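There are 2 protein chains.
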Amino acid sequence: MVHPFDPVSDKEIQLTSQLIKDAAKGPEKPHFIQIDRLDPPKKDMLKYLEAEKSGKSLPRIPRVTYVYYYLGLQFYKALVNVTYGHIITNQKQPKGVQGPLIAEDIEEIEKLATSHPIVKAEIAKLKLPSYVKVVCDPWMNGTDGVEDRLLIQCYMYLANAHHSESNHYSLPLKFSPVFECLTKEFVRMDYLPSGVDEACINDTEPWTEFPFVEYHPDLNGETIKPLKPLIVQQPEGPSFEVDGQKIEWQGWEFRVVPNCREGFAIYDIHFKGRSVIYRLSLCEMTVPYGDPRAPFHRKQAFDLGDAGFGATGNSLALGCDCLGVIKYMDCRRVNTAGESVLIPNTVCLHEQDGGLLYKHTNYRTGVPVIARRREFVVQTIATVANYEYMVNIIFDQAGEIRIHVRATGILSTMPLDRDVTVPWGTNVGPRVLASYHQHMLSFRIDPAVDGYENTVVFDDVVRMKKDPKLNPYNVGFVTERTVVDKPGYVEQSPFTNRSYKIINENKINPISKKPVAYKIMMPARQMLLAGEESYNNKRAQFATQQLWVTKYQDNELYAAGEFTNQSQTDTGLGVWAKRRENVRNDDPVVWATLGFTHVPRVEDFPVMPVEAHEISLVPFGFFDKNPALDVPQSSQSFNKSQYFPESSSKDSCCKSSL
Amino acid sequence: MVHPFDPVSDKEIQLTSQLIKDAAKGPEKPHFIQIDRLDPPKKDMLKYLEAEKSGKSLPRIPRVTYVYYYLGLQFYKALVNVTYGHIITNQKQPKGVQGPLIAEDIEEIEKLATSHPIVKAEIAKLKLPSYVKVVCDPWMNGTDGVEDRLLIQCYMYLANAHHSESNHYSLPLKFSPVFECLTKEFVRMDYLPSGVDEACINDTEPWTEFPFVEYHPDLNGETIKPLKPLIVQQPEGPSFEVDGQKIEWQGWEFRVVPNCREGFAIYDIHFKGRSVIYRLSLCEMTVPYGDPRAPFHRKQAFDLGDAGFGATGNSLALGCDCLGVIKYMDCRRVNTAGESVLIPNTVCLHEQDGGLLYKHTNYRTGVPVIARRREFVVQTIATVANYEYMVNIIFDQAGEIRIHVRATGILSTMPLDRDVTVPWGTNVGPRVLASYHQHMLSFRIDPAVDGYENTVVFDDVVRMKKDPKLNPYNVGFVTERTVVDKPGYVEQSPFTNRSYKIINENKINPISKKPVAYKIMMPARQMLLAGEESYNNKRAQFATQQLWVTKYQDNELYAAGEFTNQSQTDTGLGVWAKRRENVRNDDPVVWATLGFTHVPRVEDFPVMPVEAHEISLVPFGFFDKNPALDVPQSSQSFNKSQYFPESSSKDSCCKSSL
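Those protein sequences? They're chains A and B, same order as listed.
Taken in order, the first sequence gives residues 1 to 658; the numbers are from UniProt numbering.
Taken in order, the second sequence gives residues 1 to 658; the numbers are from UniProt numbering.
Because the hints were derived from the structure by calculation, they are not lab data.
Since this is a predicted model, take the numbers as computed values, not measurements.
Be aware that one or more of the hints could be misleading.
Note that identical chains are pooled: a pair holds if it fits in a single copy or bridges any two copies.
[Said to hold, decoys possible] Using 16 Å as the maximum straight-line C-alpha spacing, the simulated EDC-like pairs for lysine to aspartate or glutamate come out as follows:
no. : residue 1 : residue 2
1   : K272      : D148
2   : K42       : D197
3   : K42       : E28
4   : K466      : E198
5   : K466      : E533
6   : K640      : E453
7   : K486      : D630
8   : K466      : E581
9   : K184      : D105
10  : K513      : D417
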């Protein structure tokens, strides 16, 4: 039986698109952009989950899909009841609202960008040798004011024509055609600045050879270093069980559900029989660039809202992306014709060793108590044009949930004139600029800490006042708690060790005598740099603060709002966090901005070693003691390690000789 | 042949103690505390390393040991030339200067603390049943003013008499005898406050039973969770080579040298033939507590200076502390009689998988380039009474060095009266208080970024001013660099994304056109909370700021100074960082404070799941491209992963049915 949280199926996608096609009476055929399952209403789901837990008969919750499509240049959103097969609503969206980009359109534009006569004329001026080809990276337009057309900015590059994996990012060109995304009409040719200011624009001149900087092993000129295998074996199989989308592992129970916008969401997370989170996902990411020169000022991607992390998800391969015994899940998306497209293996699930979980050696007896941290990983990797993002949600045996993100892939590069450096970027190759930029990710945490009535608080650690009686030596420090009772954001305060917590005021821990809690651990970070009056800022309010709280409402899932492509303003947290509602001991939603400013290194090119960032959710007085005391002791009979072969150590016989 | 960086040998320890014994003419026998090798003078070593590199004949550098010992109550330090066998200097230390504590003294005090008649009389008042025993945790005294005697504060606990591994920290007692450490004389009995202020002190009354909170699997009452093996196999052996202390791995070369104070230091670190660091180590840690009530205000351990991370190092066990193929190194210490004591396997060295190092999927062809991050780990684990600290220095294939610290073990607990809570601590068990405290670690980085003339700088990322020509859209941001030319500290500034770098102004990267650099990545943290006028603060100036710079001088190795036990003042950075010297393009030393405020969780008891913190050192325009392009591609033929057995998935046949 299908579960209300189960992902959209091929049949549901096809039924949805068929109903929309049938409803489109005019001459234009629907041009589909996205179809996926709508989250069921939470009120209904809580009853469902309650019944599921207690083994009662399950209420029927109709399956509903949403669909984004265009008729001509008009953008529509509809909701479809796919259980009963009818359209619920079908709405023209206001002028200026655009849907995300879709692979089929991008592919067409990409081809056009090298075949359109105006571009071909420009390319001809380069007088390229036959071993060099032109490649196009289509970019969302971003915004610098009202633009009703859905535009694509094509950044152009050169690459080795004789190898499909040549790195075009090492040879950026100085012209950039712009196309209309739906009609595929040529709009204009932009000429790119390649010097210290916007005025440094050159005419297109014959290309003079300079080196390619390649990353593919066939081309990079490197001799591969010898490395011996390190194999993860699970001879008795994995320690997790899978039942549809439901996972059980070491006391954890949850449902992992791929979707095309977020990559995946995890629902109904319980540990040791107690609820922790109702829904957890990466819900948006924006990548604004700090290069002020037109047209680069419009480089601001919303990787989820403008593209989709499932839709751009990698098909993960056994033995490449993770080690051990791997369970895969697939994603489905719609194509522009309304057909379901399978993207296999976009989510992988597996165990890994996480080093030691705890150890104590009794120095009196020399006896250690020692447990290793086994971890359960839910991973997706998305390729958004040049960049790769790895999102790992990692569970451990002590009740911790770690959100672990790695950025890798290739820097989006721009041309530079010889010997030029600019203060907003790094020269990462000969005449190749990688501008400073930021990666601002929003993780949406819909908590259920021991129930659904939760409260968000933050604690500061502060010095006690000097007091001749109570603090005569001036060493004391205490915590001070502030309750968040209205929606909004919490300011960062690293120097008071500010920590955010989700508590349940109705459940008092018998040991600590304080409300049970989960703590959100994230280091203080620079938030969005773009000025308050800039579009980059107005469109991404979520990225201006690290932690936001709103009151739960159905369908408020994405931090920057539902439609981000060419948006002028944030229709997410920028709106919802302003509502004057109570969120204390109610149903708050927490939005955590994991942001990092990326000042590119030369070493980040031609492919970037991962930069990793984390948010941790840890039980804080949720249990009455360490919940991992039931983990087996770490032992050689279980782990089967080996001594280093000492004979290969050249002077092992004369160690410590004087 | 012995290398100048090689660790102290048994013979060197014995020769040193024999020379000191021979020199001690008086009636008192030397009471030894610590003997170890002194670092060779850097000036001499640079010549040695130069000769070593170029294959020239090696200059002879005499091996020198230092020795700490007492004659009666007088503390001495001597330096001994163990190559030629003579004492270089032998100095009485000023009144009040004390050496670190040593295991033999602690063991004697521990026994006395339950056998001394005054304590026995107090214990008798508890009227304990036979299944309960009394256990003592001896603590360094700390400081609250001039105290010439070397004192030990004995915190007392109850435990299950029938099991050696019973957790005494779950039953703290309310009296605390104080002994003189050298004479073993009883000094006084302290009675501990167990209520909201210092005045809440009760007479010792008969013990009334309340539950033990146990961590040992024999006692904790838990049913062990089933977990299937995850085995790391290296069928072709490890990828590293060992030659004495020298390690070679994936382009890295360095020497790992155990010592009794720091656990280990790593010398002469090169990557791909270029020098990066001359010496790297954890050089001090202080743990001040925030409980203001006497005598707890004196709880401030200096785990290296007061005890020693090698001296308290765990003998790591195969298959327990790490997985795969493991190389071990030993530590040596002196006992009070002057004999060498071997602590086997205090340092382990091995490889581990670190997930993906980089990936890029060409969306046009679907072809991924993908490399896994193999890591090389140097690990030590120290047990300083209740707490365990794991220090991992982790090297990767892209030139990164990660300092990864995990805190685990058991909270130092204090008694509480029934139903009492206090604002400076967490109730972690029935009537058990774990006070808030801080762990402030100092890592000493003696850099050699492409040579020994280095400069420390910091970069801030700041918004560009609005400018109608250059920044009309107000999205621009740039970096601003500040050079550290005098010793001192750098203030944290997370909201300008401040990053510290060690650069070599004499070597310009041909690509970036900027000096080659290594970047120090560490998140902003709360530093020492103890007030400026407190001893906790005066003794640990290093812990008040995150990053310090001094000019290199021989024998300036420890952030809080050489002698920390009962110190009144910091004789390390607090002195050296005030010297008005040039450190630009000279020989700077960087001291990075990795600090965290520990507000205990109930879940941290009775044994604490690891809390991990990191500092990363990454090449920043040091190479002319990603230095890891020579890493083999990640492939199934190499990694041998397995598919999840789908038959165990209960409804795998009806996935995505509508």
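Consistency of the hints with the structure:
no. : hint         : verdict
1   : K272 to D148 : neither (52 Å within a copy, 54 Å between copies)
2   : K42 to D197  : neither (52 Å within a copy, 48 Å between copies)
3   : K42 to E28   : neither (37 Å within a copy, 80 Å between copies)
4   : K466 to E198 : between (57 Å within a copy, 14 Å between copies)
5   : K466 to E533 : between (44 Å within a copy, 10 Å between copies)
6   : K640 to E453 : neither (46 Å within a copy, 46 Å between copies)
7   : K486 to D630 : neither (40 Å within a copy, 53 Å between copies)
8   : K466 to E581 : neither (39 Å within a copy, 37 Å between copies)
9   : K184 to D105 : within (9 Å within a copy, 84 Å between copies)
10  : K513 to D417 : between (66 Å within a copy, 14 Å between copies)
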